[in-house]
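There are 2 protein chains.
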Amino acid sequence: MKKYVYSFSEGSKEMKSLLGGKGANLAEMTKIGMPVPYGFTITTEACNKYYEDGKTIDPAIIEEINVKLAQLEEISGKTFGGGENPLLVSVRSGAVFSMPGMMDTILNLGLNDVTVVRLAELTENERFAYDSYRRFIQMFGDVVMEISKSKFDKIFDGQKEKKGVQFDVELTAEDLKEIIVEYKALVKEEMGEEFPQDPKIQLMEAVKAVFRSWNNDRAILYRDLNGIAHDLGTAVNVQSMVFGNMGSNSGTGVAFSRDPASGENVLYGEFLVNAQGEDVVAGIRTPQPIAEMAEAFPEVYKQFAEIADNLEKHYTDMQDMEFTVEQGKLFMLQTRIAKRTAPSAVKVAVDMVNEGLIDKKTAISRVEPAQIDQLLHPTFDADAVKNAEKIAEGLPASPGAATGKIYFNAAEAVEAAANGEKTILVRQETSPEDLAGMVAAEGILTQRGGMTSHAAVVARGMGKCCVAGCSQISVDEETKTVTVAGKKYGEGEYISIDGTTGSVYSGEVKTIIPEFSEEFKQLMAWADEIRTLKIRTNADNPRDAKQAVEFGAEGIGLCRTEHMFFEDERIPAIREMILSETTEEREKALAKLLPFQKSDFKGIYQVMGERPVTIRLLDPPLHEFLPQTEEEMKIVSDNTGTPMEKLQALAEELHEFNPMLGHRGCRLAVTYPEIAKMQTRAIIEAAIEVSEEKGITIKPEIMIPLVSEVKELADVKKTVLGVVAEIEEEKGVKIPCSVGTMIEIPRAAVTADQIAEEAEFFSFGTNDLTQMTFGFSRDDTGKIIKEYVGKGILEKDPFQTLDQTGVGFLVKTAAALGKQTRPDIHLGICGEHGGDPDSIAFCHKVGLDYVSCSPFRVPIARLAAARAAIEE
Amino acid sequence: MKKYVYSFSEGSKEMKSLLGGKGANLAEMTKIGMPVPYGFTITTEACNKYYEDGKTIDPAIIEEINVKLAQLEEISGKTFGGGENPLLVSVRSGAVFSMPGMMDTILNLGLNDVTVVRLAELTENERFAYDSYRRFIQMFGDVVMEISKSKFDKIFDGQKEKKGVQFDVELTAEDLKEIIVEYKALVKEEMGEEFPQDPKIQLMEAVKAVFRSWNNDRAILYRDLNGIAHDLGTAVNVQSMVFGNMGSNSGTGVAFSRDPASGENVLYGEFLVNAQGEDVVAGIRTPQPIAEMAEAFPEVYKQFAEIADNLEKHYTDMQDMEFTVEQGKLFMLQTRIAKRTAPSAVKVAVDMVNEGLIDKKTAISRVEPAQIDQLLHPTFDADAVKNAEKIAEGLPASPGAATGKIYFNAAEAVEAAANGEKTILVRQETSPEDLAGMVAAEGILTQRGGMTSHAAVVARGMGKCCVAGCSQISVDEETKTVTVAGKKYGEGEYISIDGTTGSVYSGEVKTIIPEFSEEFKQLMAWADEIRTLKIRTNADNPRDAKQAVEFGAEGIGLCRTEHMFFEDERIPAIREMILSETTEEREKALAKLLPFQKSDFKGIYQVMGERPVTIRLLDPPLHEFLPQTEEEMKIVSDNTGTPMEKLQALAEELHEFNPMLGHRGCRLAVTYPEIAKMQTRAIIEAAIEVSEEKGITIKPEIMIPLVSEVKELADVKKTVLGVVAEIEEEKGVKIPCSVGTMIEIPRAAVTADQIAEEAEFFSFGTNDLTQMTFGFSRDDTGKIIKEYVGKGILEKDPFQTLDQTGVGFLVKTAAALGKQTRPDIHLGICGEHGGDPDSIAFCHKVGLDYVSCSPFRVPIARLAAARAAIEE
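So the protein lines, in turn, are chains H and F.
Going by numbering that gives the first Met the number 0, the first sequence opens with residue 0, and the numbers climb by one from there.
Going by numbering that gives the first Met the number 0, the second sequence opens with residue 0, and the numbers climb by one from there.
No lab work stands behind these hints: they were computed from the structure.
Be aware that a few hints might be false.
It does not matter which identical chain is used: a pair holds within one copy or between any two.
[Said to hold, decoys possible] Pairs of lysine-lysine, DSSO-like flavour, derived with a Cα cap of 27 Å: (1) Lys785 to Lys487; (2) Lys2 to Lys159; (3) Lys717 to Lys790; (4) Lys199 to Lys698; (5) Lys385 to Lys509; (6) Lys730 to Lys710; (7) Lys645 to Lys486; (8) Lys693 to Lys77; (9) Lys487 to Lys645; (10) Lys676 to Lys183; (11) Lys533 to Lys1; (12) Lys710 to Lys509; (13) Lys421 to Lys486; (14) Lys338 to Lys153; (15) Lys301 to Lys12; (16) Lys693 to Lys844; (17) Lys385 to Lys520; (18) Lys693 to Lys159; (19) Lys782 to Lys676; (20) Lys187 to Lys421; (21) Lys645 to Lys782; (22) Lys183 to Lys782; (23) Lys176 to Lys150; (24) Lys404 to Lys338; (25) Lys1 to Lys421; (26) Lys359 to Lys533.
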């Protein structure tokens with residue numbers, strides 16, 4: 000027959016799924032001889048059976064519980080419901096995954112009109128005994144009988160009023176006895192029967208109540224929010240009560256085996272003399288730091304410190320413990336793996352390796368990659384932010400904290416920054432023309448746009464703090480005011496934003512600039528030893544490239560060539576190029592751009608040296624560069640001599656209904672080969688010059704975007720290699736460049752075997768691939784996706800974490816097909832997913848060679864890649 | 000050793016790839032005893048070897064040719080280059096696939112200064128002999144020696160001038176002899192050597208010239224355009240010359256064994272007494288109808304008629320023959336399968352089955368499905384159109400011919416049609432609001448928009464003639480004029496358009512309404528017997544449904560529910576629905592729409608009876624229905640009481656950057672379930688009512704569009720089935736409806752196993768699937784695709800013929816995955832590809848159950864499906 004109830008001595012920490020987290024750890028502590036009040040655990044399977052059996056406990060399980068109870072009586076030398084030494088127990092839920100505060104607990108079970116008297120005698124503390132009894136009735140009435148808590152409170156408060164006292168502790172034992180009489184009358188009235196005196200009935204009802212609490216509304220919501228399965232069920236722990244409130248030689252506390260904030264190797268926690276756990280929680284008295292316990296209970300403290308140390312060694316991880324001292328005797332009530340901050344996680348992991356407790360791989364698996372993001376960005380000073388006035392909340396679009404003066408346009412932000420001011424760029428939404436302002440500002444705040452809006456994407460790329468889509472603010476760029484809840488803020492006023500949380504504060508808030516600890520550097524070095532996936536970065540300029548290299552990037556996986564086009568001195572030439580009517584005109588405009596592009600690439604090569612650099616040919620639809628205003632159009636007209644009406648007509652012709660699926664990517668290079676030619680020339684000539692200057696060999700990787708058909712790639716490749724041959728001829732040197740493609744269109748993925756005939760490398764453009772695989776426009780479906788995630792239709796936003804089922808299937812298929820044709824094909828990913836830990840693990844699994852992500856995600860990617868290698 | 004040269008007696012019609020089409024058929028005719036001038040064929044492999052050997056003929060092949068030549072001399076009793084009876088030959092190219100006029104031919108080879116004299120004696124016609132000789136020198140000089148033709152012409156014309164004659168035939172033998180002297184001098188001057196007198200040298204040079212002509216520019220272009228492989232090579236036929244110009248008992252002709260225009264079973268062709276083939280081509284004299292040959296040469300005619308009959312029986316197909324009569328003796332020079340018009344193809348195929356010549360399957364495989372399109376639409380009277388003034392050419396957007404008075408807006412076109420006028424709706428471009436006008440008009444002419452523009456797609460759906468994107472016209476809807484090449488046409492003036500060719504004519508041109516011949520009906524009946532694929536139609540209204548049923552549709556595969564929304568009385572309610580701020584407002588607006596939708600569906604069910612009808616829930620982005628003008632907005636404001644500014648803001652919020660990938664399809668039903676509820680109610684209530692009225696059982700198929708994830712489908716299905724259950728409860732009847740989905744998003748295709756858990760049927764929406772698989776917006780990439788097809792990057796427009804490599808892979812994958820989960824899942828296709836013969840063959844191959852296409856494509860689809868079944 001299946002066993003549904005385990006004594007603590009029968010379990011172990013490995014039995015978490017059966018005994019729940021708490022039960023398994025209580026069993027483990029019992030097993031290794033720690034002082035644990037004895038008890039037993041009713042399994043999660045019993046909970047599931049309770050539901051299967053129509054919310055009844057199987058008689059066989061009741062029998063098992065009774066057997067365990069008898070053992071408990073025997074071991075404790077106490078009697079349940081009476082006798083010389085009455086047995087009192089706690090009944091606590093304990094699920095497989097921690098669900099703090101979501102389910103129910105009952106303490107002091109076993110008290111009745113008889114045992115309360117004996118308890119008073121034994122403890123020589125009548126007040127304590129009756130207070131325990133009235134608490135038990137109240138808790139049982141609430142949890143098991145579902146009598147409204149307020150009815151108990153009314154009686155209790157009435158008594159206090161009657162006695163003219165202010166605090167609970169002022170009530171005497173006699174007062175409490177009167178309350179108990181009234182409580183019992185309330186139960187009788189509500190339930191139509193007496194409060195149960197039989198502790199076995201009390202116990203079974205309590206167990207059922209805990210089972211029921213698995214499916215209360217807040218528990219279901221919590222599981223939904225935390226992705227915990229609903230069919231796991233909870234275990235129930237029945238444990239002898241110990242009392243920390245039996246006088247000045249008793250107490251209770253919680254402690255961490257190390258500092259969960261800093262990671263320092265010292266006991267960290269709180270302790271309260273003559274109190275039970277609830278009192279700590281209730282906040283009636285202020286606990287003392289754990290260190291002071293050494294003075295109050297030197298022996299017990301020593302014992303506890305030893306236990307903590309042993310538990311840490313036993314579990315080989317930092318512990319979060321609860322304990323009680325009953326009349327000088329220490330009891331361990333709980334231990335579990337401690338939650339910790341990012342700095343603590345890093346320090347503890349590295350220290351434990353140095354202490355010989357764990358190995359490097361374990362250390363790496365102890366630090367969540369997403370966590371270390373906070374180590375890379377400024378944060379608000381904890382005290383300063385407590386006192387700051389929060390005025391709005393937007394989307395946490397790019398992490399970090401920033402404080403500065405409000406500026407409403409890029410030019411003024413740049414100017415203010417040049418004058419040494421710290422600025423926050425505040426816009427309705429940003430466009431590529433705001434780039435310089437974004438670079439200059441400390442942070443960006445926008446009224447519109449989602450997590451993948453221009454502001455958000457660019458800010459993340461720069462590692463700059465950004466709060467986007469803050470609909471509670473109203474930005475008026477004309478009058479230079481931003482209105483929040485009726486209050487106006489003007490240019491030059493201070494504002495502070497937290498891109499990690501989305502919060503917006505008025506005024507200046509002190510920020511703290513992160514510094515990399517030695518432990519952090521050590522951990523990253525270990526990650527680099529272990530990982531097999533290379534980490535590259537997406538960078539379009541020397542500044543980002545430098546930052547990424549400092550963060551450990553091993554190359555550039557995606558250098559977009561279009562951002563460069565937006566700079567002030569270039570955009571007129573771009574516009575001339577776009578609004579050309581003939582190839583000749585276009586070539587003339589392109590000739591003006593060549594020196595700019597060449598110097599861009601030289602700057603990047605100078606930073607990257609011999610590290611690989613993948614440069615993508617022009618990708619976006621040309622209309623993105625079109626003049627926005629009449630004035631800008633006029634400049635083009637003056638430069639080219641093309642009349643305004645003609646330009647208007649040309650611009651109109653470029654309009655597209657669905658630009659995402661329009662004239663962009665390699666389609667530009669097929670229809671206007673002269674653009675690809677200019678870019679190739681810039682790439683190659685820059686490589687030759689920097690190679691010569693630095694005495695190194697630069698091997699540019701030229702990437703052709705948006706390919707859907709191998710012949711398209713072949714066409715553009717021919718154009719590119721034609722120019723390369725031309726330059727080789729002109730300069731008399733050989734350039735070791737390679738040509739590859741993005742796999743970002745579903746058709747490219749499923750015909751990757753053909754495409755690999757022409758492509759020397761694939762880079763998965765999972766942003767576009769996700770758009771087309773799902774039929775989701777990033778610019779339009781933010782709200783829909785949010786609703787889908789809310790409804791559980793999608794597990795996660797597929798633009799943040801790669802959808803392994805659909806998009807991932809195409810990536811896997813393409814990787815396999817590509818290798819089939821060209822076994823040494825080089826495979827990488829350069830979508831936003833390249834910086835997402837789950838997606839990185841997937842990339843490792845399907846055999847990509849590298850991931851490429853924004854500079855500030857590089858350390859996260861290094862760690863995630865190492866973890867993926869370890870998990871394999 | 001490999002054999003490179005075959006006597007006609009050694010070959011057969013099966014050896015086409017080796018001997019070329021002409022050579023194989025000459026051999027075949029020889030084999031079955033037809034009077035063919037004897038000769039031999041140098042194989043295509045010899046041609047390829049010629050190129051492999053650096054454009055030289057292998058000595059072994061020369062030796063083979065010489066052996067065959069000796070045989071030819073022996074059989075013909077003639078001597079090459081001399082003797083009593085000199086042997087003259089023709090040297091003709093003959094590729095595997097016919098490439099008319101693309102390669103070179105040399106006649107009269109074997110003539111030299113000696114044989115020309117003997118030829119004159121033998122034919123007793125000196126002029127003939129010398130004319131032949133000068134023609135030979137000229138042809139040889141041009142083709143083999145590549146001497147400019149104009150130089151020969153200059154000599155010839157000079158002689159005519161000198162002699163003061165106007166026509167060639169006026170030149171005497173002596174004149175021609177003088178020309179020959181000058182021709183030979185020209186050759187000497189150009190080539191530095193004498194014109195070759197040795198006929199063997201003449202022959203080898205001629206063979207090489209024919210080989211070379213395989214790779215001349217026009218041949219290469221022709222092969223590119225017709226998809227013929229470049230490595231096939233051409234064969235060379237060397238054949239004894241016969242002369243149709245040896246007097247009045249000689250002649251030449253071409254004839255078809257049946258009428259290639261009507262299919263009638265009579266000899267059809269032309270004949271010219273005392274002439275060679277070239278004369279017919281040159282058009283100097285007008286040939287007589289073949290029937291008149293019966294009078295001129297009764298015996299020969301009888302013999303030819305017998306041969307034609309025998310050839311037809313032998314080849315079991317209509318023949319296209321060339322022949323020559325030399326001094327009363329008939330020689331067959333060529334036979335091949337005859338090209339024919341659609342009516343002829345149908346009649347010949349059916350007649351031949353009735354004659355016992357071929358079976359039904361063969362008959363079906365003889366008619367190209369695309370061809371029969373012309374049998375379904377009006378055409379211009381051939382004589383009338385010859386005299387019409389063509390004023391412009393646009394895209395052939397929807398086939399057929401139409402003539403009528405110009406109207407510039409839908410309302411006026413409707414009114415005019417109500418008054419019995421025939422109208423052509425002329426617009427810059429059409430929008431859904433022009434629908435009524437399109438229905439009323441005979442045809443539609445638009446200035447803008449491509450093959451997949453609104454006008455084109457809707458017109459094809461209706462089977463209505465349409466010329467779209469006619470950029471040579473300028474439509475001014477305000478002033479109601481259309482300007483073509485400076486000339487203005489106003490409202491009420493006649494215009495005629497041909498949607499099959501894209502031509503636009505001024506004035507009225509007589510049209511011919513097609514009638515289905517008995518043969519056509521017979522052929523379609525046979526197709527229905529053979530095909531296994533069901534044919535459904537895309538129809539949104541009773542009119543189209545009725546048309547489709549008449550054309551043989553077996554159900555509706557796609558009933559779009561959005562077109563119905565554009566009608567005048569409905570659109571205000573739609574707009575209220577879209578611009579609602581709350582669910583309640585939206586439900587109120589939807590309640591107004593319910594009776595309309597219900598009556599739509601009733602009308603369709605009444606036509607379709609128990610045939611299956613698949614109805615798709617609302618698909619397009621809502622902003623498509625938005626008010627276009629202030630006035631329209633005002634109506635909504637008045638109806639709803641929502642202020643104009645608020646409406647403007649709501650409308651703006653609906654704006655999307657890429658609506659194709661935005662808030663549409665089932666995403667609407669997830670976010671606004673009330674829309675799906677209203678539609679479901681209309682579908683089900685209509686089904687109940689019509690079922691009761693007609694005493695039948697209607698089983699509606701409800702189709703949920705744009706699904707990318709199974710949970711999305713599950714969500715909407717729940718909404719739909721909830722309403723169904725509600726109605727079942729209300730009405731106390733069970734409705735046998737099914738719920739399925741479109742597979743039109745790549746992710747749906749690759750997760751089809753999961754989707755089939757919820758879907759009872761899949762309908763492949765290959766329009767959208769093509770858009771997303773290629774990343775091509777139909778509305779934007781028309782020009783790019785055209786350029787891609789032009790450059791050979793794409794073989795065909797993937798929106799017209801399904802891309803089997805990419806999109807087809809996804810269809811195949813989804814079909815297989817769907818069946819894996821649900822073996823009886825019903826599979827169909829409802830994109831435009833459902834009416835494309837190549838795509839239909841693909842659908843058959845991958846095991847779909849049906850294709851659905853616009854009503855006017857139904858007969859084509861029936862035939863294509865039968866052919867696919869036969870080919871299998």
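Right, here's what the structure says about each hint:
Proximity of Lys785 to Lys487 under the C-alpha cut-off of 27 Å is found in neither arrangement, the shortest distances being 31 Å within a copy and 55 Å between copies. Proximity of Lys2 and Lys159 under a CA criterion of 27 Å is satisfied in neither setting, with 48 Å inside one chain copy and 120 Å between copies. In this homomeric assembly, Lys717 and Lys790 come within 27 Å of each other (Cα to Cα) only across copies, at 13 Å, whereas the closest approach inside a single copy is 49 Å. In this assembly of identical chains, Lys199 and Lys698 lie within 27 Å of each other by CA distance neither inside one copy nor across copies; the values are 79 Å within and 60 Å between.
In the homo-oligomer, the alpha carbons of Lys385 and Lys509 lie at most 27 Å apart inside one protomer (11 Å), although the nearest pairing across protomers, at 87 Å, exceeds that limit. Taking CA atoms no more than 27 Å apart as the test, Lys730 paired with Lys710 passes in neither setting, with 30 Å inside one copy and 60 Å between copies. When the C-alpha separation of Lys645 and Lys486 is checked against a cutoff of 27 Å, the pair qualifies only between copies, where the shortest distance is 23 Å, while the shortest distance within a copy is 46 Å. With identical chains, the CA atoms of Lys693 and Lys77 are never at most 27 Å apart, being 84 Å at best within one copy and 83 Å at best between copies.
When the C-alpha separation of Lys487 and Lys645 is checked against a cutoff of 27 Å, the pair qualifies only between copies, where the shortest distance is 24 Å, while the shortest distance within a copy is 44 Å. Taking identical chains as interchangeable, the C-alpha atoms of Lys676 and Lys183 are never at most 27 Å apart, the minima being 91 Å within one chain and 53 Å between chains. In this assembly of identical chains, the alpha carbons of Lys533 and Lys1 never lie at most 27 Å apart, being 50 Å within a copy and 57 Å across copies at closest. When the C-alpha separation of Lys710 and Lys509 is checked against a cutoff of 27 Å, the pair qualifies neither within a copy, at 57 Å, nor between copies, at 46 Å.
For the homomeric pair Lys421 and Lys486, the shortest alpha-carbon distance inside one copy (22 Å) is at most 27 Å, but the shortest distance between copies (66 Å) is not. For the identical chains of this complex, Lys338 and Lys153 are neighbours neither inside a copy (38 Å) nor across copies (101 Å), given an alpha-carbon limit of 27 Å. For the homomeric pair Lys301 and Lys12, the shortest alpha-carbon distance inside one copy (25 Å) is at most 27 Å, but the shortest distance between copies (106 Å) is not. In this assembly of identical chains, Lys693 and Lys844 lie within 27 Å of each other by CA distance neither inside one copy nor across copies; the values are 38 Å within and 61 Å between.
When the C-alpha separation of Lys385 and Lys520 is checked against a cutoff of 27 Å, the pair qualifies neither within a copy, at 31 Å, nor between copies, at 86 Å. Within a single copy, Lys693 and Lys159 get their C-alpha atoms no closer than 86 Å, and across copies no closer than 79 Å, so neither meets the 27 Å cut-off. In this assembly of identical chains, the alpha carbons of Lys782 and Lys676 lie at most 27 Å apart only when taken from different copies (22 Å versus 40 Å within one copy). Taking the shortest alpha-carbon separations for Lys187 and Lys421, neither the intra-copy value of 68 Å nor the inter-copy value of 91 Å comes in at or below 27 Å.
With identical chains, the CA atoms of Lys645 and Lys782 are at most 27 Å apart between copies only, with a shortest distance of 20 Å across copies and 39 Å within one. When the C-alpha separation of Lys183 and Lys782 is checked against a cutoff of 27 Å, the pair qualifies neither within a copy, at 53 Å, nor between copies, at 86 Å. For the identical chains of this complex, Lys176 and Lys150 are intra-copy neighbours only, at 17 Å inside a copy versus 134 Å across copies, given an alpha-carbon limit of 27 Å. Proximity of Lys404 and Lys338 under a CA criterion of 27 Å is satisfied in neither setting, with 37 Å inside one chain copy and 81 Å between copies.
With identical chains, the CA atoms of Lys1 and Lys421 are never at most 27 Å apart, being 68 Å at best within one copy and 86 Å at best between copies. Proximity of Lys359 to Lys533 under the C-alpha cut-off of 27 Å is restricted to the intra-copy arrangement: shortest distance 19 Å within a copy versus 64 Å between copies.
Taken one by one, the earlier hints fail for this structure at numbers 1, 2, 4, 6, 8, 10, 11, 12, 14, 16, 17, 18, 20, 22, 24 and 25, listed in ascending order.
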